[in-house]
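A.B. asks: In case you want the letters, here they are:
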Amino acid sequence: MNKSQRKKIEKIVEGVLFSSSTVTSITVIFIIIFLFNEGIGLFRSKPIEVGYFMAVNKDNPVKQLSPSDIDLIFNQDITNWSKLGGKNDSIILFTYNNITSYISEDSLGANQEYLPAQMNKFISSTSGVIAFFPESFKPKNLIATVLPIKNVKISEFLMGKNWYPTNQPAAQLGILPLILGTLWVSFGAILIALPLGLATAIYLAEVADKRLRNILKPLIELLAGIPSVVYGFFGLVVIVPLVQKTFGLAVGETALVGSIILGIMALPTIITITEDAILTTPQSQKEASLALGASRWQTMVRVIIPYSKSGIAAAIILGIGRAVGETMAVLMVTGNASVIPHSFLQPVRTIPATIAAELGEAPVGGLHFKALFALGIVLFIITFGINLAVEIIKSRTRRA
Amino acid sequence: MVVAMLFVILFFICIRGIKVINWEFLTTMPKDGMTKGGILPAIIGTFTLMFGSMLFAFPIGVLSGIYTNEYLKESWFKSFLRSMTNNLAGIPSIVFGLFGMALFVNKLHFGDSIIAGSLTLGLLALPVIIRTTEEALKSVDMSLRTGSYALGATKLQTIRRVVLPVAFPNILTGLILSMGRVSGETAPILFTVAAYFLPKLPHSIFDQVMALPYHLYVLTTSGTDIEATRPIAYGTAFVLIMIVLIFNLMANWLRRYFSKKVKMN
Numbered sequence: 001m002n003k004s005q006r007k008k009i010e011k012i013v014e015g016v017l018f019s020s021s022t023v024t025s026i027t028v029i030f031i032i033i034f035l036f037n038e039g040i041g042l043f044r045s046k047p048i049e050v051g052y053f054m055a056v057n058k059d060n061p062v063k064q065l066s067p068s069d070i071d072l073i074f075n076q077d078i079t080n081w082s083k084l085g086g087k088n089d090s091i092i093l094f095t096y097n098n099i100t101s102y103i104s105e106d107s108l109g110a111n112q113e114y115l116p117a118q119m120n121k122f123i124s125s126t127s128g129v130i131a132f133f134p135e136s137f138k139p140k141n142l143i144a145t146v147l148p149i150k151n152v153k154i155s156e157f158l159m160g161k162n163w164y165p166t167n168q169p170a171a172q173l174g175i176l177p178l179i180l181g182t183l184w185v186s187f188g189a190i191l192i193a194l195p196l197g198l199a200t201a202i203y204l205a206e207v208a209d210k211r212l213r214n215i216l217k218p219l220i221e222l223l224a225g226i227p228s229v230v231y232g233f234f235g236l237v238v239i240v241p242l243v244q245k246t247f248g249l250a251v252g253e254t255a256l257v258g259s260i261i262l263g264i265m266a267l268p269t270i271i272t273i274t275e276d277a278i279l280t281t282p283q284s285q286k287e288a289s290l291a292l293g294a295s296r297w298q299t300m301v302r303v304i305i306p307y308s309k310s311g312i313a314a315a316i317i318l319g320i321g322r323a324v325g326e327t328m329a330v331l332m333v334t335g336n337a338s339v340i341p342h343s344f345l346q347p348v349r350t351i352p353a354t355i356a357a358e359l360g361e362a363p364v365g366g367l368h369f370k371a372l373f374a375l376g377i378v379l380f381i382i383t384f385g386i387n388l389a390v391e392i393i394k395s396r397t398r399r400a
Numbered sequence: 001m002v003v004a005m006l007f008v009i010l011f012f013i014c015i016r017g018i019k020v021i022n023w024e025f026l027t028t029m030p031k032d033g034m035t036k037g038g039i040l041p042a043i044i045g046t047f048t049l050m051f052g053s054m055l056f057a058f059p060i061g062v063l064s065g066i067y068t069n070e071y072l073k074e075s076w077f078k079s080f081l082r083s084m085t086n087n088l089a090g091i092p093s094i095v096f097g098l099f100g101m102a103l104f105v106n107k108l109h110f111g112d113s114i115i116a117g118s119l120t121l122g123l124l125a126l127p128v129i130i131r132t133t134e135e136a137l138k139s140v141d142m143s144l145r146t147g148s149y150a151l152g153a154t155k156l157q158t159i160r161r162v163v164l165p166v167a168f169p170n171i172l173t174g175l176i177l178s179m180g181r182v183s184g185e186t187a188p189i190l191f192t193v194a195a196y197f198l199p200k201l202p203h204s205i206f207d208q209v210m211a212l213p214y215h216l217y218v219l220t221t222s223g224t225d226i227e228a229t230r231p232i233a234y235g236t237a238f239v240l241i242m243i244v245l246i247f248n249l250m251a252n253w254l255r256r257y258f259s260k261k262v263k264m265n
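Protein sequences, first through last, are from chains L and X. Numbering-wise (the working numbering), the first sequence opens with residue 1 and increments by one. Numbering-wise (the working numbering), the second sequence opens with residue 1 and increments by one.
Be a bit skeptical, because a hint or two may be false.
[As the list claims (entries may be wrong)] DSSO-like cross-link-like pairs, simulated, lysine-lysine; straight-line CA separation at most 30 Å:
id, chain 1, residue 1, chain 2, residue 2
1, L, 217, L, 309
2, L, 309, X, 138
3, X, 78, L, 8
4, X, 260, L, 210
5, L, 394, X, 138
6, X, 138, L, 8
What the hints contain is simulated information worked out from the structure, not anything from laboratory work. Bear in mind that the values here come from a model prediction, so they are computed numbers and not experimental data.
Kindly produce the complete structure, drawing on both the sequences and the hints.
C.D. replies: Structure (structure tokens):
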């Protein structure tokens, strides 16, 4: 092999190496593109099913309804137009399913060929009507106000209090309960894991002798490798009944169990990072403190912990990050009720658990599917922010 | 102590799990709505996914690690690559599942298949492999490299003949650890490969498979008869833990074995 050939090979190899090194970056970019591609579509679609229209009597002053209003109307929680800024007139629901209670089956014709005309007549003559029909039945000369259905708004998505993505006629796509559920469970997990993790880390770094450390460290690493379904399974068969009995609850699947399981799962991360931070405390500082007559405990609280506080902060944030993104264990133990949580003893539903539980049932490309990808974006942004925070803390410590 | 508490969990599952483990449990198909029979397809499925994902992630991960550590100088590009790798590592596994579904299953029309699942899991494991490779390469003494250059070797020769052999055990350890990690992941395979109940073995990379973690999830939450499947659930959890344990021990043992060997040389 001559020199130029060899050089060529070296160049090719370098090219191959370079392209593989870009795979992670490309993946991250692809993930962003795909999530947004599917998720953003949500804000370009309407919360009522494609191919349906909604109309009211043309004398009705109400010309617009929000998705949550529509839901309240069709659940018959609102039964009078005056509540929506209209006249004092009771609301009459008029849909394909209940059409025969207003119009006799005979007058619709054998193949429902007279349905559009009859519908038109009914809507134009009934002042309190709200009609919801497939477009295919829409009369050509409809005498009514067709309600303009606005696209899903980002503010409705983020702040809406109801998550019923498959509701008819209007899907309820508010993710506030999911966001709050995620945060409750995650912060609960940190509240449980932090004291335990900190104590263990200090013990490992400062108190335990070397032999014990050499046994415990790999064991803790092993625990980090246990699959989350196994933790979830354990939570389901042991902690759920325990919590149920202790607090006398009807169901044991609560935010508390989720927090306990996530706390246990976050422990190895917190222990490892905090221990590393503690070990970086210079020996000279410790010795100086001891030489000044401080006890071991005082040295720990006054010297070691302040010195390693940014490492501890990184551990907390990273622990929250893991807890926020954890799917399976949470899905199995938190009960998955999409309500805004008021106490730790309630079932909650987190963002990842929602995606995992519902994506299988959502038709590809539909509203629900898009909404779940939009949830993925929210989750991605939360964890991205958390990672960024960790990076910043780390780079600060390096500079200090 | 905390560690003791954690071990209670392991023991609890192991004690109950080991009762159901026998040869038949490991080598037969599930029967009667998963209330009887074994978990063979799930075991096979998990191993298939493990090797499939590594087939993809290991070469790319190692090459990428070599490039960032040996070729790139400290620059904005290097820190960009590194932060992208870190970001990828921080993305929740369910988001990988969403991505895998959008790209591999729907866009590339792989359908729910071994290849879609393997690629998704491979991407998930990539940052870990890159990081362990980089660490392994960093720990190779600089004097070895300069020595090789002094003998007139090119960069490629140095990497291939000097750096990689020394770093290899640590890289291998990383590989084994990430295989253990991949075996337990559930969220990424939910929508890319996992089958609820499929009592036959896969024939091609476009088949669906059952997998141990998903099987455990199904058994505990949505089985036809949850009480009757409990023993099988314990058994599945036990097998899963054993796989993780064995891979961890293997990694530890390799690390120790090679570090002894290096010292002797």
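A.B. asks: It remains to establish, for every hint, whether it holds in the given structure.
C.D. replies: Right, here's what the structure says about each hint:
1. L/217 <-> L/309: holds (22 Å)
2. L/309 <-> X/138: Roughly 28 Å between the alpha carbons, so the hint for residue 309 of chain L and residue 138 of chain X holds.
3. X/78 <-> L/8: holds (24 Å)
4. X/260 <-> L/210: Since the Cα atoms of residue 260 of chain X and residue 210 of chain L sit roughly 20 Å apart, the hinted pair holds (cutoff 30 Å).
5. L/394 <-> X/138: holds (20 Å)
6. X/138 <-> L/8: holds (27 Å)
Figure legend: structure checked against the earlier numbered hints; every hint is met.
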